[in-house]
Amino acid sequence: MDTPTTSSPIAHGQPWTVAGTTISSRFFLGTSHYPSPQVMSDAVRASGTEVLTVGLRRLQPESGGGNSFWQRIQALGCHILPNTAGCHSAEEAITLAQMAREIFGTTWIKLEVVGDDYTLQPDTHGTVHAATVLAKEGFAVFAYTTDDLVIAQRLRDAGCAAVMPWAAPIGTGRGPLNPFALETMRRRLPDTVLVVDAGLGRPSHAAAVMELGFDAVLLNTAVAQAGDPVRMARAFADGVAAGRAAYESTPMPERAAAQASTPTVGVPFWHAP
Amino acid sequence: MKVSLNGEAIETDAPNLQALLLARGYELQGAFACAVNKTFVPRPKWPAHTLNSGDRIDIVTPITGG
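Line by line, the protein sequences are chains A and B.
Residue numbers for the first sequence follow the working numbering, so the first one is 1 and each next one is one higher.
Residue numbers for the second sequence follow the working numbering, so the first one is 1001 and each next one is one higher.
The hints are simulated quantities; they were obtained by calculation from the structure and are not laboratory data.
Everything numeric in this text was worked out from a predicted model, so none of it was measured.
We put the beta carbon where it would ideally sit given N, CA and C, even for glycine.
Be aware that one or more of the hints could be misleading.
Unchecked claim - Straight line, CA to CA, 25 Å or less: simulated BS3-like cross-link-like pairs of lysine-lysine: (1) 1002/B - 136/A; (2) 1038/B - 136/A; (3) 1038/B - 1002/B.
To be verified - With beta-carbon atoms standing in for the labels, derived distance ranges: (4) 1010/B - 179/A: 48 to 56 Å; (5) 1054/B - 136/A: 24 to 32 Å; (6) 45/A - 1027/B: 25 to 33 Å; (7) 115/A - 1025/B: 44 to 52 Å; (8) 1028/B - 79/A: 25 to 33 Å; (9) 86/A - 1002/B: 23 to 31 Å; (10) 77/A - 1023/B: 50 to 58 Å; (11) 77/A - 1043/B: 22 to 30 Å.
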């Protein structure tokens, strides 16, 4: 089936700044689980993203030193956000961040310290410790965490460039399980760059958290595992943009009672008794 | 001496990290980074980083990631 495409521009809105870098898109995209490398490249372009996450894994000798994946990523021209996925301690995450800095030539690091293998829930204590060390070493730390407000405050105090609470466990696609916690975090940390990372499954989820005032979203599986990743990438881009525009437009307050939209003055068929 | 390279036990007589990389067929200009015993070893220090029996060496390269 041919994939319908659109050439209309994504309504990014005003540029914004994260880790000292000004960008337009508020949609960070992962690079795993796509049906093919070409689909990944096409989805990245369709998404309009300017930030891509990548990982690091052991290199076997027979691979020499070449890396076609890395060459493909470089060709996309995005900012690279390497992750420390798979690290189970602050020590491992710090070392992997240092290795990433050398390979990618960036101080940006998506800090992940796994605390539980079943839920992939982050070890928030280890994350705060690693963030503190890495920030002092000059890294721009994008810290993956839960929706715990106090941990988010600790990560802000550690000097993180961005605090990235989950919406739901990684790869579940369940959407924001605790919108109240996310809304509270946004209100309590008004000057911190907050990115919802993990657990989003549909563009409406992305729009919902962007309406709360989050600065950006980061996701991977919801695009890569969609039936049509390229169209879904664009759908998420539009969802993110719509949510941001709604936040900046100040949504109306909710009311308990109905209120007619059409003026009540001059309603026909009403006559004084 | 015996060392562990990416989790695999190997015998080597390489005196330093760079010699080990060359002996194992790594292209030194490749996109990878090294750690010994969970401590990062910057590329300029590979030639001078002496290996010891029991060292655990990790070599990582970019892959897809979320």
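Evaluation of the provided hints:
Between residue 1002/B and residue 136/A, the direct Cα distance comes to roughly 36 Å. Violation of the 25 Å bound is thereby established for this hinted pair. Annotation: proposed proximity of residue 1038/B to residue 136/A holds, straight-line Cα distance about 19 Å (limit 25 Å). Note on residue 1038/B and residue 1002/B: the hinted pairing holds, with a Cα-Cα distance of about 17 Å set against a maximum of 25 Å. Distance hint check: the CB atoms of residue 1010/B and residue 179/A are about 52 Å apart, consistent with the given range 48 to 56 Å.
As the Cβ distance of residue 1054/B to residue 136/A is approximately 31 Å, the hint placing it in 24 to 32 Å holds. Checked against the hint of 25 to 33 Å, the pair residue 45/A and residue 1027/B passes, with Cβ atoms roughly 30 Å apart. Distance hint check: the CB atoms of residue 115/A and residue 1025/B are about 37 Å apart, inconsistent with the given range 44 to 52 Å. Under the hint 25 to 33 Å, the C-beta atoms of residue 1028/B and residue 79/A, about 27 Å apart, fit the expected range.
Between residue 86/A and residue 1002/B the C-beta distance comes to about 26 Å, which sits within the given range of 23 to 31 Å. Taking 50 to 58 Å as the suggested C-beta distance range, the pair residue 77/A and residue 1023/B does not conform, at roughly 37 Å. Between residue 77/A and residue 1043/B the beta carbon distance is about 25 Å. The supplied range of 22 to 30 Å therefore holds.
The earlier numbered hints that this structure contradicts are 1, 7, 10.
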